[in-house]
Every structure is written in C-alpha cells, then in structure tokens.
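Put together the whole structure using the sequences plus the hints.
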Amino acid sequence: MQLRRCGWLNNPPLVCAHGGDSTNAFPNTMSAYQFALRSQVDCIEIDISRSSDGVLFALHDRDLQRITGNSTSKVGHLRSKEIKELDVSHQSGDSKIPTIEDALMLISRSVRQVILDAKVGPPSYEKGLAKDILFAVEKMQCKNCIIWAKSDSLTRDIIKLSSDVKVGYIVMVDPSTGARTNLLRMKGARVVGVYHPLIDERLVKILHGREKKVYAWTVDDADSMTRMLHEHADAIVTSNPSLLQHTMQDTRTQCLEEGFSLTR
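Just so we're aligned: 160 in my numbering is position 160 of the sequence shown, and the numbers increase by one with no gaps anywhere.
For the record, the hints were derived by calculation from the structure and aren't laboratory data.
Keep in mind that a hint or two might mislead.
30 Å max Cα-Cα, derived DSSO-like pairs, lysine-lysine [unchecked claim]:
1. K96 x K81
2. K150 x K187
3. K160 x K131
4. K127 x K205
5. K131 x K84
Just so we're clear, the structure is a prediction, and the values are computed from it rather than from any experiment.
Encoded structure:
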C-alpha cells in the first residue's frame, strides 16, 4: 500500500501547466506562461488554433468565446489581424494573444517539455495543419515539444511528415458513444494523453508495457491530483500548477515521515 501511495517519489510526474497558470491569468496569454515559469513548472501545454489566413495562435475557441462574449466564435473565422486586436486586458496583465512562435520563444528553453495541443476547426480543418505546426516547431527549434490532438488523422499526418518530433494521441470518453476511445491505436506515438477519470493501475500498466508515457489531463482538484500520484502517471496536466506542487510536497513529507525510503 505504501509503495502504491509513495512510489511516485522515485520517479515524480511532470507538473504541466495547462495554458500556463490559468488560476492567476487568462489561459494561453504571456502572463499565464510567465506565472507558470515563476512557479518552476516542468512543462507547459499550449493550445494551438489557426486563423482564417493561416497564422497559428496560442488560443482555444472556448477562450475566444470568453473574450468576445459570443458562444459561436471560432478562431478559424478570424483573420490574424483581428485576433491580435482582441482585448483581454480585463482578464490578464499581459493582454497579448501570442502566436505559437511568441509562446515558444518565451517558454521552450525554460521547461523540460512543451505540449502543443492542436485544435482542428473551420474553415481548413486538418488541411495543411500538420505541415504548419511542424514548420513552427522546426523554426523555433523546439526539441522538447510534443504534439497531440483529438484528431487522429492530424496526429498521423505529423508522424508521416516527421520522425523527429514526439507525438501523442488522446484517450477520452467518446461523446457520441459514451465509450472510452481505443487505448492502443498509434504505433508511432510515444505519449498518451488520458482523461484523468479513466486512469487506473491496469491502464497505466498496459501503456507502460508498450513503452508509452501516460499524461493525465486536466486535473484541477487535490483529490484527483493525489489519485494520479498513486496511479503513477508520468505527467499531470493542470490549470492550477501551484496546487499540484503543494499536493506533491505534502504527500512527499508524509511519505518520508512514515519511513518511505527513496531509491536514488
């Protein structure tokens, strides 16, 4: 029991800030990234969407809808000039919505890993998106980037185009069927982003048996964070990285007080 509860101390998960630290700033803004970097997170996840004129921004449709107050807004319906003019100053200290290049320039050399969560949307959907993302990653020399998406066809396009970039796929509850999406479905992917309520000991064992890392998303409450530590997830994606860091520190202290011995 103690090994299950404390074993993660010998191989701690990456603390991965979802859109930066979005408890202290608006998600995917430079402020959110700066807060996360100040907290010394291991990893930052960036949402990527493409404007109607083909520019990649660190922006999610959901966040665009919060900014505009329009529940039908889509990043792909706006030109890059319009996105750059959006005002999120009431939400965040640095009101700039960054391009993917801006975001990577700020964060990629300050964290162990960057997750690029590629969003597929109108008008172009997957068309040319893999090429655009890879161009940005190579231009910014982001050697520690992982690219994942809910679109398997996009992920497969990336695998076909580049053997150098690390790629992941998503395991979640399929909204149309209510069933879990297939666990083992992409040979070339080294990371699997799993919706955290689906993670258990068996799932982790299966994926680790195929040499795939298990990244839990999006884990925002202390009880779920503790459970992900017990399940030995390789990374925990959270909008509240400070809470995760405190939860890890509290658990660590408790385990060491109980006599758990570290192997390294």
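Here's how the hints hold up against the structure:
no. : hint        : result
1   : K96 x K81   : holds (12 Å)
2   : K150 x K187 : holds (16 Å)
3   : K160 x K131 : holds (10 Å)
4   : K127 x K205 : violated (36 Å)
5   : K131 x K84  : holds (23 Å)
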